[in-house]
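Peer 1: If you want the building blocks of each chain, they are given just below.
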Amino acid sequence: AQTVTQSQPEMSVQEAETVTLSCTYDTSENNYYLFWYKQPPSRQMILVIRQEAYKQQNATENRFSVNFQKAAKSFSLKISDSQLGDTAMYFCAFTPSTDNYGQNFVFGPGTRLSVLP
Amino acid sequence: SAVISQKPSRDICQRGTSLTIQCQVDSQVTMMFWYRQQPGQSLTLIATANQGSEATYESGFVIDKFPISRPNLTFSTLTVSNMSPEDSSIYLCSVGEGFGANVLTFGAGSRLTVL
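If you read the sequences in order, they're chains G and W. The first sequence begins at 1 in our numbering and counts up one residue at a time. The second sequence begins at 118 in our numbering and counts up one residue at a time.
Treat the hints as calculated values from the structure; they're not laboratory data. Just so it is clear, the structure is predicted and the values come from calculations on it, not from any experiment. Note that beta-carbon positions come from the ideal geometry of N, C-alpha and C, so glycine has one too. Keep in mind that a hint or two might mislead.
Cβ pair distances, simulated, as ranges [claimed, not checked]: (1) G85/G with D181/W: 39 to 45 angstroms; (2) S12/G with Q141/W: 24 to 30 angstroms; (3) E171/W with P40/G: 24 to 30 angstroms; (4) S114/G with D181/W: 48 to 54 angstroms; (5) S176/W with D26/G: 18 to 24 angstroms; (6) Q56/G with I129/W: 34 to 40 angstroms; (7) S12/G with I180/W: 41 to 47 angstroms.
Under 8 angstroms between C-beta atoms, here's a sample of chain G residues computed to sit facing chain W [to be verified]: (8) P41; (9) Q44; (10) L47; (11) V48; (12) R50; (13) Y54; (14) Q57; (15) F68; (16) F91; (17) T95; (18) Y101; (19) G102; (20) F107; (21) G108; (22) G110.
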């Protein structure tokens, strides 16, 4: 069974600074996808970034980038130039590439990030 | 990506009553998923709603407590039956998208408080 672990229940960062959120996972699958989702106080789950395991290049979306270390089964999220709107719960998630309809997602426990003015 | 409309957005319910949450998608999808998020917790999959067949429930969730309907490829409902304070949670509807449906898109969630 797949598991996703986020060891930082809460973090804070000053506005405009950089912060890194950690995620580790365990799987016997060779091909899979990893995600970071953001859930602000509005409750809406928003996809931040996605990484395909067979791609060595780390995914980047504007101020968000990941450090994907497949051998270490590590998938951290770096947020640069933090903004007040980045305040949210961040969930790391995993799904095997054989998941054709979205039925095998596994979510981590979440990290609550507060961006301080 | 798909747009998912979920209602009610929030509700306060009395113990012992039932509430039905609706989920409408702006495109046809094969599977729809219902998640529960208890206060301060992560997401737990309740069931997968398949059009034309019974929903598939995860361990710990039963049809009598969480009956689900899926009358067509764009709509589903989740009922929380005989509610107790322990059912106070956010309930999220989601669908799989992308090549191989490798991305989950979510509705805005329904926050239920049971008194």
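Peer 1: Go through the hint on G110/G and say holds or violated, using the shortest Cβ distance to chain W against 8 angstroms.
Peer 2: Interface hint status for G110/G: holds (5 angstroms vs cutoff 8 angstroms).
Peer 1: Against chain W, is V48/G within 8 angstroms by beta-carbon distance?
Peer 2: 11 angstroms, violated
Peer 1: Quick one, is the Q44/G hint okay against chain W at 8 angstroms, beta carbons?
Peer 2: 5 angstroms, holds
Peer 1: Does the Cβ pair G85/G, D181/W satisfy 39 to 45 angstroms?
Peer 2: About 42 angstroms separates the Cβ atoms of G85/G and D181/W, which means 39 to 45 angstroms holds.
Peer 1: Please check whether F107/G passes as an interface residue: C-beta within 8 angstroms of a C-beta belonging to chain W.
Peer 2: It holds, given that the least Cβ distance between F107/G and chain W is near 5 angstroms, below 8 angstroms.
Peer 1: Would you check whether F91/G satisfies its interface hint, that is, whether its CB is within less than 8 angstroms of any CB in chain W?
Peer 2: 6 angstroms, holds
Peer 1: When the nearest CB of chain W is found for Y101/G, is that gap smaller than 8 angstroms?
Peer 2: Where the cut-off is 8 angstroms and the nearest Cβ of chain W is about 4 angstroms from Y101/G, the hint holds.
Peer 1: Given a hinted range of 41 to 47 angstroms, is it respected by the beta-carbon distance of S12/G and I180/W?
Peer 2: Check passed, 43 angstroms falls within 41 to 47 angstroms.
Peer 1: Would you settle whether the hint for G102/G is holds or violated, based on the nearest Cβ-Cβ distance to chain W being less than 8 angstroms?
Peer 2: At about 2 angstroms, which falls below the 8 angstroms cut-off, the nearest Cβ of chain W leaves the hint on G102/G intact, so it holds.
Peer 1: Classify the hint on G108/G as holds or violated, based on whether any CB of chain W lies nearer than 8 angstroms to its CB.
Peer 2: Cβ of G108/G sits 7 angstroms from chain W, so the hint holds.
Peer 1: Given a hint of 24 to 30 angstroms, does the C-beta separation of E171/W and P40/G actually sit inside it?
Peer 2: Given a distance of about 35 angstroms, which is not inside 24 to 30 angstroms, the answer is violated.
Peer 1: For S12/G and Q141/W, compare the CB-CB distance with the range 24 to 30 angstroms and indicate the outcome.
Peer 2: 37 angstroms, violated
When the structure is compared with the earlier hints, violations turn up for hints 2, 3, 4, 6, 8, 11, 13, 14 and 15 and for no others.
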